[in-house]
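Colleague: One letter stands for each residue in the lines below.
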Amino acid sequence: MAGARRDTAPPRTRSDVGESDDALLAVRAAEGDEDAFAVLVQRHAPALIRLATRLLDTRSEAEDAVQDAFISAWRRLPEFHGRSAFGTWMYRIVTNRCLNILRARRPVSPLEAAGDVPAPDHAASPARITEARGAVRELRAALDDLSPEQRACWVLREWDGQSYEFIADAVGISQEAVRARVFRARRSLTQALGAWR
Amino acid sequence: MTAHTDPPHHAVDGDDEQLACGRLLSGVWDAWERGHEDPHQRTCPHCRAAVAELEELESVVRALPEEPVERYKDELTSLTRRVMDVVRLELRPGRPMPLGEPAEDLWIMESVAARSLRAAAEGEPGVRAGSCRLLPHFDAGGTGPLDVRLDVHAPADASLPELAERVRLRVLEVADRQLGMDIAAVDIRVTDLLDPAVDDQEGRDR
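Chain order of the listed sequences is A and B.
Using the UniProt record's numbering, read the first sequence as starting at 1 and increasing by one per residue.
Using the UniProt record's numbering, read the second sequence as starting at 1 and increasing by one per residue.
Bear in mind the hints are in silico, worked out from the structure with no lab data behind them.
None of the values given here were measured: they were computed from a predicted structure.
Hints are not guaranteed to be accurate.
[Stated by the list, open to error] Cut-off 25 Å, straight-line C-alpha distance, at most; resulting in silico cross-link-like pairs (DMTMM-like, lysine to aspartate or glutamate): (1) K73/B with E19/A; (2) K73/B with E138/A; (3) K73/B with D57/A; (4) K73/B with E56/B; (5) K73/B with E61/A; (6) K73/B with D68/A; (7) K73/B with D16/A; (8) K73/B with D35/A.
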């Protein structure tokens, strides 16, 4: 069999390869190889910071949340055992961290919140730009009025494009509970946009 | 939200609404999201208004900034440094492993030895080393020869027995020459096969 090619295996995609390499690095990190862990941090941090920024709305808080999540992951790696993909596991840790931050947040006054909203820089015609900007600003403000759980489920579903099954796993509740929260969030948001128009 | 404009629906409970046609808002939106074809919903003005509200929301979501993941790479170096600063204060060096002769009282931490042995295995083109455990023979009092248990990802086009033998020799050589470690056996477990066509950084030059 020397040099024989195995042509029967299904073709593998780059993301399969990435997951396989993540699993290998996670095992090494669990065994104390901090360089392997640094590679995982570099690889996964950008997507996790984007997720946390969407959940929390401020970049600096998002970076702190992701930093804490990685440190927590380093401590918990010996018990990780690769039951899910490393990326999924981190996504779950970051989501939970952000949920706790949202729950602990005191209500922000509308003026403070308005200062945080960056104007989106693309849309079609000038009239559409004004309208879209107004609606986006209104949407961001309305997001602050959702409960932390509604906000998290809605952001993961609508903005991050995750399945209900994935969100249920990430947040640690049933799919039905996720559906109920997304529904309530949509209801609040459509009403807010309706009022704005 | 407190500033509701009262829609022409009836509240069923705190969560849902019954539309004037009798359908529940949650059901109408759910059918829309699942892409269910429903003749009633296609023609009913109340259902269509409810779906239009949701579609309006979706269009605003699409107007949110696109934010490609690359935009989140600026702070990466400092974030990685901050994480790794903490990690290096909380290293997991593993157990001390005996080096040299039994009488010598010389030890190396498991994770340090594993780093060298993994690097030795990866000297074989196309091989990636994963778990690397050192197993002392405790019946010999924890000193004396060790067994190495090494997991590797191997190139899919390699002959595995021959590859395993080459990896074993590389590991034994580094253990002997670089670490001065007495190894009784190197058990190699192939945990994944890498397609050289996909994994194009390594394993091409075979």
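Colleague: Could you run down the list of hints and mark each one as holding or not?
Modeller: Hints and how they fare:
The suggested pairing of K73/B with E19/A holds, with an alpha-carbon distance near 20 Å, which does not exceed 25 Å. Straight-line distance between C-alpha atoms of K73/B and E138/A comes to about 28 Å, which puts the hinted pair past the 25 Å bound. The suggested pairing of K73/B with D57/A holds, with an alpha-carbon distance near 17 Å, which does not exceed 25 Å. With a CA separation close to 32 Å, the supplied pair K73/B and E56/B exceeds the 25 Å bound.
With a C-alpha separation of about 16 Å, the suggested pair K73/B and E61/A falls inside the 25 Å cut-off, and the hint holds. Distance hint between K73/B and D68/A is fulfilled; the C-alpha atoms sit about 18 Å from each other, no more than 25 Å. The hinted pair formed by K73/B and D16/A meets the criterion: a straight-line CA distance of about 23 Å does not exceed 25 Å. Simply put, K73/B and D35/A have alpha-carbon atoms about 19 Å apart, close enough for the 25 Å limit, and the pair holds.
Going through the hint list in order, the structure does not satisfy hints 2, 4.
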